[in-house]
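**Q** Chain order of the listed sequences is W and S. Throughout, our numbering is defined as the position within the first sequence, counted from one, plus 2. Throughout, our numbering is defined as the position within the second sequence, counted from one, plus 2.
A few of these clues could be false.
[Stated by the list, open to error] For the chain W half of the interface with chain S, some residues (derived, Cβ under 10 Å), not all of them:
1. 23
2. 24
3. 102
4. 263
5. 282
6. 296
7. 380
8. 392
9. 403
No lab work stands behind these hints, which were simulated from the structure alone. Please read these numbers as outputs of a predicted model, since none were measured by experiment. Glycine is no exception: its CB is placed at the ideal position from the N, C-alpha and C atoms.
Protein chains: 2
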Amino acid sequence: MLDIQRLSTTQPDFEARLAALTDWDDGAPHAVEAAVDSILARVRHEGDRALVDYTRDLDGYHVEQAAELEVPPARWQAALEALEPEDRKALETAAARVEAYHQHQRQESWETTEPDGTKLGQRIRPLERVGVYVPGGKAAYPSSVLMNAIPARVAGVREVIMVAPAPGGEIAPMVLAAAAVAGVDRLFLLGGAQAVGALAYGTETVPAVDKIVGPGNAYVAEAKRRVFGHVGIDMVAGPSEILVICDGQTDPEWTAMDLFSQAEHDEDARALLICPEARYLDEVQAAMERLLPEMSRSEIIRPSLARRGALICVRDLGEAAEVADRIAPEHLELSVVEPERLASAIDHAGAIFMGRYTPEAIGDYCAGPSHVLPTSRTARFASPLGVYDFCKSTSLVQCSPAGSRTLGAIAARLAHAEGLTAHARSAELRLESPDE
Amino acid sequence: MLDIQRLSTTQPDFEARLAALTDWDDGAPHAVEAAVDSILARVRHEGDRALVDYTRDLDGYHVEQAAELEVPPARWQAALEALEPEDRKALETAAARVEAYHQHQRQESWETTEPDGTKLGQRIRPLERVGVYVPGGKAAYPSSVLMNAIPARVAGVREVIMVAPAPGGEIAPMVLAAAAVAGVDRLFLLGGAQAVGALAYGTETVPAVDKIVGPGNAYVAEAKRRVFGHVGIDMVAGPSEILVICDGQTDPEWTAMDLFSQAEHDEDARALLICPEARYLDEVQAAMERLLPEMSRSEIIRPSLARRGALICVRDLGEAAEVADRIAPEHLELSVVEPERLASAIDHAGAIFMGRYTPEAIGDYCAGPSHVLPTSRTARFASPLGVYDFCKSTSLVQCSPAGSRTLGAIAARLAHAEGLTAHARSAELRLESPDE
Numbered sequence: 003m004l005d006i007q008r009l010s011t012t013q014p015d016f017e018a019r020l021a022a023l024t025d026w027d028d029g030a031p032h033a034v035e036a037a038v039d040s041i042l043a044r045v046r047h048e049g050d051r052a053l054v055d056y057t058r059d060l061d062g063y064h065v066e067q068a069a070e071l072e073v074p075p076a077r078w079q080a081a082l083e084a085l086e087p088e089d090r091k092a093l094e095t096a097a098a099r100v101e102a103y104h105q106h107q108r109q110e111s112w113e114t115t116e117p118d119g120t121k122l123g124q125r126i127r128p129l130e131r132v133g134v135y136v137p138g139g140k141a142a143y144p145s146s147v148l149m150n151a152i153p154a155r156v157a158g159v160r161e162v163i164m165v166a167p168a169p170g171g172e173i174a175p176m177v178l179a180a181a182a183v184a185g186v187d188r189l190f191l192l193g194g195a196q197a198v199g200a201l202a203y204g205t206e207t208v209p210a211v212d213k214i215v216g217p218g219n220a221y222v223a224e225a226k227r228r229v230f231g232h233v234g235i236d237m238v239a240g241p242s243e244i245l246v247i248c249d250g251q252t253d254p255e256w257t258a259m260d261l262f263s264q265a266e267h268d269e270d271a272r273a274l275l276i277c278p279e280a281r282y283l284d285e286v287q288a289a290m291e292r293l294l295p296e297m298s299r300s301e302i303i304r305p306s307l308a309r310r311g312a313l314i315c316v317r318d319l320g321e322a323a324e325v326a327d328r329i330a331p332e333h334l335e336l337s338v339v340e341p342e343r344l345a346s347a348i349d350h351a352g353a354i355f356m357g358r359y360t361p362e363a364i365g366d367y368c369a370g371p372s373h374v375l376p377t378s379r380t381a382r383f384a385s386p387l388g389v390y391d392f393c394k395s396t397s398l399v400q401c402s403p404a405g406s407r408t409l410g411a412i413a414a415r416l417a418h419a420e421g422l423t424a425h426a427r428s429a430e431l432r433l434e435s436p437d438e
Numbered sequence: 003m004l005d006i007q008r009l010s011t012t013q014p015d016f017e018a019r020l021a022a023l024t025d026w027d028d029g030a031p032h033a034v035e036a037a038v039d040s041i042l043a044r045v046r047h048e049g050d051r052a053l054v055d056y057t058r059d060l061d062g063y064h065v066e067q068a069a070e071l072e073v074p075p076a077r078w079q080a081a082l083e084a085l086e087p088e089d090r091k092a093l094e095t096a097a098a099r100v101e102a103y104h105q106h107q108r109q110e111s112w113e114t115t116e117p118d119g120t121k122l123g124q125r126i127r128p129l130e131r132v133g134v135y136v137p138g139g140k141a142a143y144p145s146s147v148l149m150n151a152i153p154a155r156v157a158g159v160r161e162v163i164m165v166a167p168a169p170g171g172e173i174a175p176m177v178l179a180a181a182a183v184a185g186v187d188r189l190f191l192l193g194g195a196q197a198v199g200a201l202a203y204g205t206e207t208v209p210a211v212d213k214i215v216g217p218g219n220a221y222v223a224e225a226k227r228r229v230f231g232h233v234g235i236d237m238v239a240g241p242s243e244i245l246v247i248c249d250g251q252t253d254p255e256w257t258a259m260d261l262f263s264q265a266e267h268d269e270d271a272r273a274l275l276i277c278p279e280a281r282y283l284d285e286v287q288a289a290m291e292r293l294l295p296e297m298s299r300s301e302i303i304r305p306s307l308a309r310r311g312a313l314i315c316v317r318d319l320g321e322a323a324e325v326a327d328r329i330a331p332e333h334l335e336l337s338v339v340e341p342e343r344l345a346s347a348i349d350h351a352g353a354i355f356m357g358r359y360t361p362e363a364i365g366d367y368c369a370g371p372s373h374v375l376p377t378s379r380t381a382r383f384a385s386p387l388g389v390y391d392f393c394k395s396t397s398l399v400q401c402s403p404a405g406s407r408t409l410g411a412i413a414a415r416l417a418h419a420e421g422l423t424a425h426a427r428s429a430e431l432r433l434e435s436p437d438e
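Make a model of the complete structure from these sequences and hints.
**A** What follows is the structure in structure tokens.
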């Protein structure tokens, strides 16, 4: 029997059980903190030497010089050309769709002129140089290359530096090909906290960037948290999660497979199903039992569902929406007859996949939006990775002499109230002056 | 003689001296880290009890119950009505201008439909509840109430919770009045790491928020860094700074006073002037010596200029722009004849004050943009506090049955390449199905 928790909103301890399921301890264990602290300090002070050492010790990849960690673009291009035509076409189509979606996110600078000639505005420009962390290790994720690098390209970032761990020096050809398709500028075989440190502080070989994006393991997440302020970061990513809300009318095998697609990521991944019909929960559970043996990653899916999965029975779809908002899931599938209506009742989700024909997997690869999404209830305040993550704005103020008098008088009044004489005098000096 | 460093780009050690001036150690000292760690842990686990204790021990304000830390709206309104009419008018005019500016930043959700009926979109909604930290202590800053709370209001945030430290229980009436004008919902007399902890985790009395914004001291900054991920934060603020670029044609007293207006904040504040004319730097230095005795905060200005100030001589305005980009200042004044042209050559600044008639002080109080700006070179990647800080977006994907087949085939191909069978099968199941 497949092991997965059953919850119902009618249970007296439902609140506590839901909290236990969704609570994520966002602080790193002290051992991780200490390790990351010392890795970052060594990379900051010893540069390339530290990168060579950590890559040998932690990734089992021996190089003499840090320069050997860089993969030249000719190798990416060769990898792209060596792909099977169907793979190449899939990669390029996905890239084109991701680019098209993100073109909608471009923002324009604006300026407005007041009657007295004073101008106000907001200028938007791309970041100069960003670092993209692409996780590797057990699975290689070419899709992550597209989903991180393309929004940066659309924003107009001048230089996109990609890092990816390569245990034993191995990197999937598809990942190299994706770097070529996504328009990455430079690629280093570096992972973990040492990669984050290299991007944040720069070394003799790896250039310092202005912002680091992309998900990684606990060490990467903690390293990003630590360098935040020195460089920008997108978010501190937790384990991935899906919440499916179903009205009980979708083929149970479809729903079972959608839950598997989350659970197969890793044992911390969370797959949750909410439905008003207990019968349907039974059917999905039976389908999962039937389908699990076919899965190549069943040894990850099974413990993931047992530890973190849940089938949740609710009174109706209205209650499903309430529960969903408390979970604030990274991925939300609305496998129901009127998904627009249900979506509108739910505030917090990274991405919403609407209707029975929209499995999360399509969003993971090629629908268009980035698959880098806020996890672990951070959808309450955070957004999907987007073009806005690769731009920064600057406020513009240009007072006319007349505007300077009007506004200077107000500023001086408030500055005096705050006891800031120099602020007040700085405004007042312009009041006393004739027009130019 | 007023003590302030002189630099010139012709000095052989200019690079090193500039780096020394602008380097900011963004990590908190270990003593601050440890203190913040223990304050956050106690607030998280003991709630109100910890707030009452820390407020007594750290702010010297004794209350029996945490509920006494809340100031009811009637008191804000009374404070507003008791203001001198000129002060009230200044506060209300400033608030109206800040609101008008931020209305330009509102963003709309969008949706697009593809030929096969597949819909993609991006939904933008306000955050539910935010916390605004208003620094207190030595100076009271009603302007900070406006500059933090009004962008949140314009975004449509449902509940704005303000916290401000009140040493000995004292809070400036103008700060209370500003809370009334800015549309704050609840106000607690709480400061330091304990205020950040209360907002992040919630206590019996203080509700947990989704995001915490606003500048504070080193403890507040470190606490925000630590709770980031559990809640959103705007930025980790460092000391405030101004860079004035002058062509040598502005009244030296104006420039001297603009530099003072930054230096009077605190001894870590940085005031820098760049000019191609050494003669003008002498004139400004002479003006500073002359004007300093008139300043109410001269005992802060003098050490601030000595430790962190600099007068920098460059070859021309082109070089001034290059140096400015390396400083990436929070506030940039372009006191020159063609400020638009110079502004366009500079990439990194929190806010640009253009022309001789735009002292930073006007921006601090009433021009319109928020005065909460990226400090310490973070303008390379960060933006002024704005409406976008109080909204989050959700990606929307709705595949038509036909779209599901086209996109599902691509997704399945890429999922197989990544070795993620369940992802592939989840897409493939929909391929095998007839239209609804």
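**Q** Hint by hint, say whether it matches the structure.
**A** Comparing the hints with the structure gives:
For residue 23 of chain W, the interface hint is violated, the least distance from its beta-carbon to any beta-carbon of chain S being 17 Å, above 10 Å. Look at residue 24 of chain W: its Cβ only gets to about 13 Å from chain S, farther than 10 Å, so that hint breaks. Interface hint at residue 102 of chain W: satisfied, since its Cβ lies 9 Å from the closest Cβ of chain S, which is below the 10 Å cut-off. Satisfaction of the interface hint for residue 263 of chain W is found here, the shortest Cβ-Cβ separation to chain S being roughly 4 Å, below the 10 Å cut-off.
Taking 10 Å as the C-beta contact cut-off toward chain S, the hint placing residue 282 of chain W at the interface is violated, the least distance being around 17 Å. Of the supplied interface hints, the one on residue 296 of chain W holds, with its beta-carbon coming within about 8 Å of a beta-carbon of chain S, less than 10 Å. The beta carbon of residue 380 of chain W comes within 7 Å of a beta carbon in chain S, closer than 10 Å, and the hint placing it at the interface holds. Interface hint status for residue 392 of chain W: upheld, as the beta-carbon distance to the closest one in chain S is roughly 9 Å, under 10 Å.
At a threshold of 10 Å, the smallest CB-CB gap from residue 403 of chain W to chain S is about 5 Å, leaving the interface hint in force.
The structure fails hints 1, 2 and 5 (numbered hints given earlier, in ascending order).
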